[in-house]
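S.K.: These protein sequence lines map, in sequence, to chains W and D. Here the first sequence stands for residues 1 to 348, where the numbers follow the UniProt record's numbering. Here the second sequence stands for residues 1 to 348, where the numbers follow the UniProt record's numbering.
What the hints contain is simulated information worked out from the structure, not anything from laboratory work. Accuracy of the hints is not assured; some may be wrong.
The list treats identical chains as one, so a pair stands whether inside a single copy or across any two.
[Unchecked claim] 25 Å max Cα-Cα, derived BS3-like pairs, lysine-lysine:
1. Lys106 <-> Lys311
2. Lys311 <-> Lys249
3. Lys107 <-> Lys322
4. Lys158 <-> Lys211
5. Lys34 <-> Lys12
6. Lys329 <-> Lys311
2 protein chains.
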Amino acid sequence: MGKKVTIRDIAKESGVSTTTVSRLLNHVEGYCSKDTEQRVWAAIERLNYHPSKIARSLVTQKTNLIGVIFPDIYNSFFQDLFRGVEEYASRLGYQLILCNTDGNSKKERDYLLSLAENLTDGIIISTSNAKDDNTTIVDLHKKGFPIVTVERYGKELKDVPRILFANREAEEQVVDYLYRSGHRRIAYISGPSNAVNANRRQEGFRNGLSKNGLLVDDSLILTGDYKLESGQECMRRLLDEHGCGDRKKPDFTAVMAGNDLMAIGAVRAILERGLQIPDDISVIGCDGTMLADLIRPQIGTIRLGGIEMGKKAAEYLISEIKSEDTGEKKVIFQPQLHLDGRIKTIEE
Amino acid sequence: MGKKVTIRDIAKESGVSTTTVSRLLNHVEGYCSKDTEQRVWAAIERLNYHPSKIARSLVTQKTNLIGVIFPDIYNSFFQDLFRGVEEYASRLGYQLILCNTDGNSKKERDYLLSLAENLTDGIIISTSNAKDDNTTIVDLHKKGFPIVTVERYGKELKDVPRILFANREAEEQVVDYLYRSGHRRIAYISGPSNAVNANRRQEGFRNGLSKNGLLVDDSLILTGDYKLESGQECMRRLLDEHGCGDRKKPDFTAVMAGNDLMAIGAVRAILERGLQIPDDISVIGCDGTMLADLIRPQIGTIRLGGIEMGKKAAEYLISEIKSEDTGEKKVIFQPQLHLDGRIKTIEE
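Could you build all of it, start to finish, from the sequences and the hints given here?
M.R.: See below:
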């Protein structure tokens, strides 16, 4: 390959500064004489120069790129979120670049800084699925860099545009639903204790019990790590410790899990023991993944509305980029329960 | 927010050209006097300037960013591919940016050009899941821009580094396996006819039949669109047209589908009719998705090795970026069959 022609080559060839070339390429007018202008365009043609997006963005300061940062490309909530951002932003001429952090704080910080350093016009960042470090986000926001967070928590984020999900309310509503369906003893498999949303979901479960006058029995609450195997393992323990009567039916009638994958693990453990779903135990996950709809027996789940959250995040971000609306930007998405026909009704 | 301090402000403040500032920031030595150097550093400090990655890359021409372009973030093959690229490239200090094309040729072209215009050091691009247009790829490659393709076909790509999957051999091997297990009549649900890999898979199926001396019966070959519903619909038609005897058992004993999602659709249609898997019909998908392992009854599948393909793609690309190895770069990944215990053995 021949050496790539740069803006400096044009400047040298036409005897002007790189700034002049850059301004011309970006159609900033009245900066040099018509003569000079013609000389530069001639050099551009002679050297067969194609202006790079980077050189252009030095002047326009816009790239029309939006960055999306999330921890796990395998997680369908983040896939939906990305999808929603894309649907909204691509109609407005933005291109998206996506970065995957693996829940690693250093990677997250590095991507934030890379994307913010003029690569993108703004960033949408979701939770890291563990303890979030918000320092860099708050820094960038204070410097005026457009940024929107999704499902991240922390008082320090109060001025940053935010999209949240009502995690507590979601699990509370599931307990309400189970209570109305006649369930009185409900087990819970929680996500990892370092994940804020896992803790909020568990809180919601506990609140739901109390609200309905049910006993909070800690022996029915176990902690997994959001992975399938942990759900299976926790369910085995619950069945070991609470099995009784014929076919070792347990002394609870429903189990809720902090996400769908753990719920599917629970399904496996229940079927291993020859028990029926939902006849012996109703199973409810969270996240509304395709898996929850595909597996048989079907499990109950809670849809978060990732696509809608993504669209809203894009709307907030683009408004920040264009400095259109400087009001507070915060919205909490409400859960959509998918329980009908997936939960056993217990006659009293 | 205060206006962002740029390289031009520093140049103005210290009375030198932007090029001089840029060279200093990039530690290009011997370009100006020590005096000038000190003046520039003082201005940088005074104005509290943080050099942007873009300004830096104007000189170094390296961004340490690798672009990955694929059509569908929901498809687990592409998730695996991305994962593999990331595992390999992040160890070597590269950051990844991912773009989703939706199989839209215009989006694909726009992303290619955006990423190639100095945003990234190189690009890994996978198939668009439909008829691929390779013009821009060949163009970029000819200009010397590092690019690697994954599962893209076309004579025009012969000089471009390529990672391929043995689609034909995969389906041929499944037919061999089914034949050895006693199956003699096998149905096939193909992916869409505009997708090169769908056609290759169907070819492999047909070759497999012929090779084993089995009749190719076109009434047993239907075409879906890689989505679950199309698999269910095709399977219903197969059962309608080929059902016979008690419980309407069909006159074939196995069905292969061009991907796992369509195979899962087929499972639904089979269960709807009260038939058993694999006792009445063995079901085999392709792609080795998590779904194929999670659903019950379990289906057979073929693992493509997306993670390994991603690692190899990253290895090729980084070698291109560093101009280390200029030899031909092409590798064809072989299928890994996951059929044991998922296929009925028919005694003769």
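S.K.: Confirm or reject each hint.
M.R.: Okay, the hints, checked on the actual structure:
1. Taking identical chains as interchangeable, the C-alpha atoms of Lys106 and Lys311 lie at most 25 Å apart only when they sit on different chains, with a minimum of 22 Å there against 27 Å within one chain.
2. In the homo-oligomer, the alpha carbons of Lys311 and Lys249 never lie at most 25 Å apart, since the shortest distance is 45 Å inside one protomer and 47 Å across protomers.
3. Taking the closest pair of Cα atoms, Lys107 and Lys322 come within 25 Å of each other only across two copies (23 Å); inside a single copy the shortest separation is 28 Å, beyond that limit.
4. Within a single copy, Lys158 and Lys211 get their C-alpha atoms no closer than 29 Å, and across copies no closer than 67 Å, so neither meets the 25 Å cut-off.
5. In this homomeric assembly, Lys34 and Lys12 come within 25 Å of each other (Cα to Cα) both inside a single copy, at 18 Å, and across copies, at 24 Å.
6. Taking identical chains as interchangeable, the C-alpha atoms of Lys329 and Lys311 lie at most 25 Å apart only when both belong to the same chain, with a minimum of 14 Å there against 41 Å between chains.
Violation of the numbered hints given earlier is confined to hints 2 and 4; the remaining hints are satisfied by the structure.
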